[in-house]
Amino acid sequence: MREPMWFKWTRAIGLAVLALFALIPVWVMVTSALKPLADVQERFTWWPSHLSAKPFVEMWKTIPLADYFVNSLVVSTVASIASVVVALLAAYSLSRYRFRGRQAFSVVVLSTQMFPGILFLLPLYVIFVNLGNTTGLQLYGSRTGLIVTYMTFTLPFAIWMLAGYLDSVPRELDEAAKVDGCGPLGAFMRVVIPAAMPGIVAVLIYAFMTAWGEVLFASVLTDDSTRTLAVGLQGYATQNNVYWNQIMAAALTVSVPIVVGFLVLQRYLVAGMTAGSVK
Amino acid sequence: MRVTRLAALALASLVGVSALSACSSSNSGSGSDKNVTLTYWASNQGTSLDNDKQVLGPELAKFTQQTGIKVKLQVVPWADLLNNILTATTSGKGPDVLNIGNTWSASLQATGAFVPFDDSVMAKIGGKSRFLGGSLSATGAADKPPTAVPIYSLAYGLYYNKKYFAEAGISQPPTTWAEFETDAKKVTNAQHWGLSIEGGSVSENVHNVFTLSQQQGGAFFDAAGKPTFDTPQNVAAVRQYLDFIQQDKITNPSNAEYAQGTEALADFAKGKSAMVLWQAASGSLKQLGMNAADIGVAPMPLPDPMPAGGKKVTSMVAGINLAVFKNTKHMDAALQFVKFMTSTPEQKVLNKTYGSMPSVTDAYADPAFNTPAVQTFKKILSASAAPLPAVAAESQFETLIGTAVKNMLADAASGKNVSESDISAQLKAAQQQLS
Amino acid sequence: MLPYLLLVPAVILELLIHIVPMLVGIGISFLKLTQFYIANWRQAPNAGLANYRYALDFNSAAGKQLLHSFFVTIIFTVIVLVVSWTFGMAAAVFTQRPFPGRGIVRTIFLIPYALPVFASVITWNFMLQRDNGAVNHVLVDQLHLAGGDRPFWLIGQNSFYSLVIVEVWRTWPFAFLMLTAGMQSISQDLYEAAGLDGAGVWAQFRGVTLPMLRPVNRVLLLVLFLWTFNDFTTPFTLFGKGAPHQADIISMHIYQNSFVTWNFGTGSAMSVLLLIFLLVVTGGYLRLAKSGSNDA
Numbered sequence: 001m002r003e004p005m006w007f008k009w010t011r012a013i014g015l016a017v018l019a020l021f022a023l024i025p026v027w028v029m030v031t032s033a034l035k036p037l038a039d040v041q042e043r044f045t046w047w048p049s050h051l052s053a054k055p056f057v058e059m060w061k062t063i064p065l066a067d068y069f070v071n072s073l074v075v076s077t078v079a080s081i082a083s084v085v086v087a088l089l090a091a092y093s094l095s096r097y098r099f100r101g102r103q104a105f106s107v108v109v110l111s112t113q114m115f116p117g118i119l120f121l122l123p124l125y126v127i128f129v130n131l132g133n134t135t136g137l138q139l140y141g142s143r144t145g146l147i148v149t150y151m152t153f154t155l156p157f158a159i160w161m162l163a164g165y166l167d168s169v170p171r172e173l174d175e176a177a178k179v180d181g182c183g184p185l186g187a188f189m190r191v192v193i194p195a196a197m198p199g200i201v202a203v204l205i206y207a208f209m210t211a212w213g214e215v216l217f218a219s220v221l222t223d224d225s226t227r228t229l230a231v232g233l234q235g236y237a238t239q240n241n242v243y244w245n246q247i248m249a250a251a252l253t254v255s256v257p258i259v260v261g262f263l264v265l266q267r268y269l270v271a272g273m274t275a276g277s278v279k
Numbered sequence: 001m002r003v004t005r006l007a008a009l010a011l012a013s014l015v016g017v018s019a020l021s022a023c024s025s026s027n028s029g030s031g032s033d034k035n036v037t038l039t040y041w042a043s044n045q046g047t048s049l050d051n052d053k054q055v056l057g058p059e060l061a062k063f064t065q066q067t068g069i070k071v072k073l074q075v076v077p078w079a080d081l082l083n084n085i086l087t088a089t090t091s092g093k094g095p096d097v098l099n100i101g102n103t104w105s106a107s108l109q110a111t112g113a114f115v116p117f118d119d120s121v122m123a124k125i126g127g128k129s130r131f132l133g134g135s136l137s138a139t140g141a142a143d144k145p146p147t148a149v150p151i152y153s154l155a156y157g158l159y160y161n162k163k164y165f166a167e168a169g170i171s172q173p174p175t176t177w178a179e180f181e182t183d184a185k186k187v188t189n190a191q192h193w194g195l196s197i198e199g200g201s202v203s204e205n206v207h208n209v210f211t212l213s214q215q216q217g218g219a220f221f222d223a224a225g226k227p228t229f230d231t232p233q234n235v236a237a238v239r240q241y242l243d244f245i246q247q248d249k250i251t252n253p254s255n256a257e258y259a260q261g262t263e264a265l266a267d268f269a270k271g272k273s274a275m276v277l278w279q280a281a282s283g284s285l286k287q288l289g290m291n292a293a294d295i296g297v298a299p300m301p302l303p304d305p306m307p308a309g310g311k312k313v314t315s316m317v318a319g320i321n322l323a324v325f326k327n328t329k330h331m332d333a334a335l336q337f338v339k340f341m342t343s344t345p346e347q348k349v350l351n352k353t354y355g356s357m358p359s360v361t362d363a364y365a366d367p368a369f370n371t372p373a374v375q376t377f378k379k380i381l382s383a384s385a386a387p388l389p390a391v392a393a394e395s396q397f398e399t400l401i402g403t404a405v406k407n408m409l410a411d412a413a414s415g416k417n418v419s420e421s422d423i424s425a426q427l428k429a430a431q432q433q434l435s
Numbered sequence: 001m002l003p004y005l006l007l008v009p010a011v012i013l014e015l016l017i018h019i020v021p022m023l024v025g026i027g028i029s030f031l032k033l034t035q036f037y038i039a040n041w042r043q044a045p046n047a048g049l050a051n052y053r054y055a056l057d058f059n060s061a062a063g064k065q066l067l068h069s070f071f072v073t074i075i076f077t078v079i080v081l082v083v084s085w086t087f088g089m090a091a092a093v094f095t096q097r098p099f100p101g102r103g104i105v106r107t108i109f110l111i112p113y114a115l116p117v118f119a120s121v122i123t124w125n126f127m128l129q130r131d132n133g134a135v136n137h138v139l140v141d142q143l144h145l146a147g148g149d150r151p152f153w154l155i156g157q158n159s160f161y162s163l164v165i166v167e168v169w170r171t172w173p174f175a176f177l178m179l180t181a182g183m184q185s186i187s188q189d190l191y192e193a194a195g196l197d198g199a200g201v202w203a204q205f206r207g208v209t210l211p212m213l214r215p216v217n218r219v220l221l222l223v224l225f226l227w228t229f230n231d232f233t234t235p236f237t238l239f240g241k242g243a244p245h246q247a248d249i250i251s252m253h254i255y256q257n258s259f260v261t262w263n264f265g266t267g268s269a270m271s272v273l274l275l276i277f278l279l280v281v282t283g284g285y286l287r288l289a290k291s292g293s294n295d296a
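Top line first, the protein sequences correspond to chains A, B and C.
The numbering used here puts the first residue of the first sequence at 1, with every later residue one more than the last.
The numbering used here puts the first residue of the second sequence at 1, with every later residue one more than the last.
The numbering used here puts the first residue of the third sequence at 1, with every later residue one more than the last.
To be clear, the hints were calculated from the coordinates, so they are not data collected in a lab.
Computed from a predicted structure; not experimentally measured.
Keep in mind that the hints are not guaranteed to be accurate.
[Said to hold, decoys possible] Pairs of lysine to aspartate or glutamate residues, derived as EDC-like cross-links and limited to a Cα-Cα distance of at most 20 Å, are as follows:
| no. | chain 1 | residue 1 | chain 2 | residue 2 |
| --- | --- | --- | --- | --- |
| 1 | B | K428 | C | D57 |
| 2 | B | K72 | A | D224 |
| 3 | A | K61 | B | D50 |
| 4 | B | K272 | C | D149 |
| 5 | B | K53 | A | D224 |
| 6 | B | K72 | A | D67 |
| 7 | B | K124 | B | E346 |
| 8 | B | K144 | B | D222 |
| 9 | C | K241 | A | D223 |
| 10 | B | K93 | A | D223 |
| 11 | B | K144 | B | D118 |
| 12 | B | K53 | A | D223 |
| 13 | C | K64 | B | D230 |
| 14 | B | K416 | B | D243 |
| 15 | B | K416 | C | D149 |
| 16 | A | K54 | B | D50 |
| 17 | B | K70 | A | D223 |
| 18 | B | K272 | C | D131 |
| 19 | B | K249 | C | D149 |
| 20 | B | K53 | A | E58 |
| 21 | C | K241 | B | D80 |
| 22 | B | K53 | B | D80 |
| 23 | C | K64 | B | D422 |
| 24 | A | K61 | B | D52 |
| 25 | B | K339 | B | D119 |
[What the hints assert, rightly or not] Estimated spans, in silico, between C-beta atoms of each pair:
| no. | chain 1 | residue 1 | chain 2 | residue 2 | range |
| --- | --- | --- | --- | --- | --- |
| 26 | B | G289 | A | F56 | 18 to 24 Å |
| 27 | A | L110 | C | I186 | 25 to 31 Å |
| 28 | B | K62 | C | G48 | 51 to 57 Å |
| 29 | A | S49 | C | L139 | 21 to 27 Å |
| 30 | B | P345 | C | L139 | 53 to 59 Å |
[Unchecked claim] Computed footprint of chain B on chain A, listed as stretches where at least three residues anywhere in the stretch have a Cβ under 8 Å from a Cβ of chain B:
| no. | segment |
| --- | --- |
| 31 | 57-63 |
| 32 | 132-140 |
Ideal Cβ positions, reconstructed from N, Cα and C, are used throughout, including at glycine.
In isolation and in its complexed conformation, chain A is listed as follows (with noise of 0.2 Å):
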C-alpha cells in the first residue's frame, strides 16, 4: 500500500513529539548526574558547565548505595525466578486439565490485582511478625519475606499469561513426548518449558520490573540491612543539603542495568503478551 504524504507527515511529527516527550526525563537525568554541585541548586540548564564525575563517586558514600544494590538484586531475582517456577507449575495445570475449582481459582487469583495494597500492608506485616514468633521463620525485615511478597505479587499476571503461552503449545507435543515415555513431568520439562520459553522470559522480565520498582511494601517490611533501592534513594533526601547531582547519577545508575536487560528481552514480552492476551 502507498502512504500518502500527508500520513508521512503526521507520522514524522508524531513520532518526533513521542520521542521528545519520551526522553526529556532521561536527558535531565544523564545531564544532571554529569553536573556539579553549584550547576543542580541554581537555575536549569540544558548542559553542564563543567562535565563532573563526582557525583557518580560520591554517591556511593552519600548513602549505602551499594548494599542497596545488592539487596534489591537478590530479592528481584530470586523473586522473578521463583514467580516463574510456581506460576509455570500452576498455568499448566489450568491449561492442560479440568477439574472442580479451575474457574474459581484463576478468578480468585487475576482478581486479587484489584487489592489496593493499602488494604493488607499492616495484616501482612503482622502476619510476617506473628509467624516469626511461633515458627522461627524469619519474614519481617528480612529479604525472604520480600521475596515471597514479590512474587505473589507477580503470580497473577503470569499464571495467566503462561496460561495463555501454554494453551499455544499444541497438546500433541505432549502426547507425542508421553508415547516417547516421559511422565507428565518429563513432557513438562523437555516438551512445554521450551516451547513456552518466551512466556518464560515475559514473566522473568515483569516479575523483575516489579520487585525492582516497588515502594510501599519495601517501605514497611525492609530494615537497615535489608532495604531495597527503592526505598533507600531517598536517603539522598534526607541530607542537609538536597544532593540533586547525586541523586540523578544514582537513579541513572539502578536504572542502565534494568533498561538495557528489559530492550534486549523485549522481544519475549510481546510474544508473550500477544500469546496471553490474543486468545
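Guided by the hints, dock chains B and C onto chain A, whose structure is given.
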C-alpha cells in the same frame, strides 16, 4: 510415584527459595549480659545517616566495653521513624531502645508500647532530678509517669545574617514582630529574601504556628483535652505565618515547596535569605559553608503589646527522647543503656557533636556549652519555651494542622488570597478529622 | 490429584500474601483500631459499621474529603487512560510499517516503561521544581510564557496536571507495547484486501486495525484502569507522604488516613469501599465486554 515426586519438587522449590534467601538474622539469646545484644533505633541527628553511625559507633563501643552488652545500631531517617515505630508497636516486635521525637511522647504513651519511667525505673537510671525540668515537660501526659527520658534538648531561635543586617544598617536583631517586619523588609532585595521557611514541611509548619498561637494566647486543646483548632487566636497565628509570603512579601513564595526539611536552612547558609527560624543549626551551617562570623542567633520576636492572654513563648520544647520498648527481652540491659546515654560524659560528647543541648544539668559545666549561641538557646529553653500539647491526639494534631498550613501556604504562594474565614474553615475541617 | 498438586504452591502463596491479609484487613475495618489499641489490637473494641459511617458521612470533613479524593481519582484515571491509549495507539500505528530508524524509535518509546518508577519520577520531581526546574526553565526563561511569573507544579492547582503528565509518561509506552504486540498478529492479507477495495490509511485503520485489536484493547483498558486507579508509587515519589489537596488521589488519601493519623480502622474501611468499587466496575466491564464481543 511421579505425582509425589512432582509435589516434592514443588515444595522443594518453595523451601529452596526460603533457604536460599534466608540471611543471618540475629538471634539474640538471653542469659548473662555477656551475650545480650540490644537493638537501638537512633534518629537522624547528624549531617547524614552515615555521619550518625560514625558519631554513635565509638560511644556504643564504650558501652559494650563497660558492660559487655552489645548494641546493634540502626539509624532511621525521620521520614520513616514514626511509621516504623507504629508498625513495631502493632506487631510487638521492635527494637529494645529507640529515639522518638519528644512531641510524640503523649501519643506514643497512649499506645502503651513503651516502658513507663515511674519512680522505681527512674531510680535505676540515676533519678529524675538529674534532668532539665524543661525537657522533662515533653515526655508525656502530665498526670502519668514519663514514657521516655530526654536525651537531646533543642529549641527554636531566629538565625540572622549579621552581614546583611549591617548592610541594611540594622544593629540589633528584632525583638518584636513590628521590628521584625521592618527589618525583614529592609533586608529583602533582589539578591536575597528576608526570611526563609520550610513551607512544605508538615512539622516545621505546625511548630511555628504553635509558637505564634501561644503568643496570641491561643491553644489547640483545652484543659479537658478537647480540640479547639479554630479559635480566633489560632486563626491569627496562621494568618501571621501565611503573611510572610502573602502580605509582607519577605519570604520567597517558592519556599512553599520546601519539604525536605533542609532547604530553608540551605537558602540561609547560601545567603539567599537573611533570616530563618531553626533549631540548633551551627553544625549544619558550618557544613554548608557559611562564614561563622556572619551567623547571629536570637529568640523569636514577640508581639508588642502582648495580646490579652498572650504568653511570652518563643519556641516549643524541642528535642529527642529515649524510650524503652515494652516487649524488650532485656529490660535491665536496656535501662543500663538509657543510663549510659543520659550520663553526664555521654551527654557532653553527643550534644557537643550534634550541636544540641544536654538534657542533664551537670553536663552544662562543660565550657563547650558556654558559647553565646548555646547560652541563647539555653535561655530560650528555660525561660520561654512551651511543650506541644501533651494529649494522646498530639501526633494527629501535628499532621492535620501542619498539612492544613502547608496547603494554605501553597495557595498563598500561588497568588490566591487566603482570608481569615478560609483559615478558620480549614482549621475546622482539620478538627473534624481528629477521631 | 495432579492438577491440584500443581496449584499447591500458588495457592499457599496467594493465601499467605493476598487472601488472608485481605480478610484480616476487612476484619480491621470493623474495629476501632486507633493508637490506643495498636499495641494490643486483638483487644480493639468492635466498631460495627462506625468506620464506614465515618467515611461515608458526606456532611463531615472526612466524608467530604474522601468524596473529593474519589472524584479527583476518577478524573485523573479517565484522562490518563484516554491520553495514554491515544498516544500508544498513534505510536503503534505509526511504527506498524517498516521505515528507516523504526527500531530506534520503538526502543526510545519503551524507555519510560523500562525505567524504575522511583528513578524516573524523582527526575520529574526535579524537573517540576519552581525555581530550578527544567519545566519552568522552558516555559518562563526560554518561551517567556506565564507573564514572567514562575508557576508552581508540585503544589496547588497545577499539581494535578503534573501528576497526570507524569502518569501518562509512565503508562503510554505500555499501551504502545501491548498494541504493537496485538498488531503483529493481524494478518497482512486483511490490509491487502482492504487496499484492493480502495480503502485509504484511515479506512484501513477503522476497518481492519481497530476491530482486530478488540481483544487486546479489552484487556489493555482494564489493566490500565486498575493500575492507574490504584497507583501509589508515582504520587508518593512525586509528592512525598502528603499529596497536595488538588492531587489527593485515593491511594494517597487512604495511606494518609491509616498511617499518618493512626486510625487503621477507618483506613481499612476506606480500602474496602475502594475494593468494592473496583470489583463492581471490573465485573460490569467484563460483562459488557463479553456481550460486546458476542455481537461482533
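Hint-by-hint comparison with the structure:
1. B:K428 - C:D57: holds (16 Å)
2. B:K72 - A:D224: holds (11 Å)
3. A:K61 - B:D50: holds (8 Å)
4. B:K272 - C:D149: Given pair B:K272, C:D149 holds - Cα atoms ~19 Å apart, limit 20 Å.
5. B:K53 - A:D224: holds (12 Å)
6. B:K72 - A:D67: Roughly 17 Å between the alpha carbons, so the hint for B:K72 and A:D67 holds.
7. B:K124 - B:E346: It holds: about 17 Å lies between the C-alpha atoms, which stays within 20 Å.
8. B:K144 - B:D222: holds (18 Å)
9. C:K241 - A:D223: Roughly 19 Å between the alpha carbons, so the hint for C:K241 and A:D223 holds.
10. B:K93 - A:D223: holds (12 Å)
11. B:K144 - B:D118: holds (8 Å)
12. B:K53 - A:D223: holds (15 Å)
13. C:K64 - B:D230: holds (19 Å)
14. B:K416 - B:D243: holds (12 Å)
15. B:K416 - C:D149: Given that 20 Å is the threshold and the Cα spacing comes to 14 Å, the pair holds.
16. A:K54 - B:D50: holds (19 Å)
17. B:K70 - A:D223: Holds, because 19 Å separates the two Cα atoms, which is no more than 20 Å.
18. B:K272 - C:D131: holds (12 Å)
19. B:K249 - C:D149: Given that 20 Å is the threshold and the Cα spacing comes to 15 Å, the pair holds.
20. B:K53 - A:E58: holds (18 Å)
21. C:K241 - B:D80: OK: C:K241 and B:D80 at ~10 Å, within 20 Å.
22. B:K53 - B:D80: Cα-Cα ~17 Å, so holds.
23. C:K64 - B:D422: Distance of about 16 Å is within 20 Å: holds.
24. A:K61 - B:D52: Satisfied, since the Cα-Cα distance of roughly 13 Å is no more than 20 Å.
25. B:K339 - B:D119: holds (14 Å)
26. B:G289 - A:F56: 18 to 24 Å: holds (22 Å)
27. A:L110 - C:I186: 25 to 31 Å: Once the Cβ atoms are compared, 26 Å apart, the range 25 to 31 Å for C:I186 and A:L110 holds.
28. B:K62 - C:G48: 51 to 57 Å: holds (55 Å)
29. A:S49 - C:L139: 21 to 27 Å: holds (22 Å)
30. B:P345 - C:L139: 53 to 59 Å: 57 Å Cβ-Cβ, so the 53 to 59 Å window holds.
31. 57-63: holds (count 3)
32. 132-140: holds (count 5)
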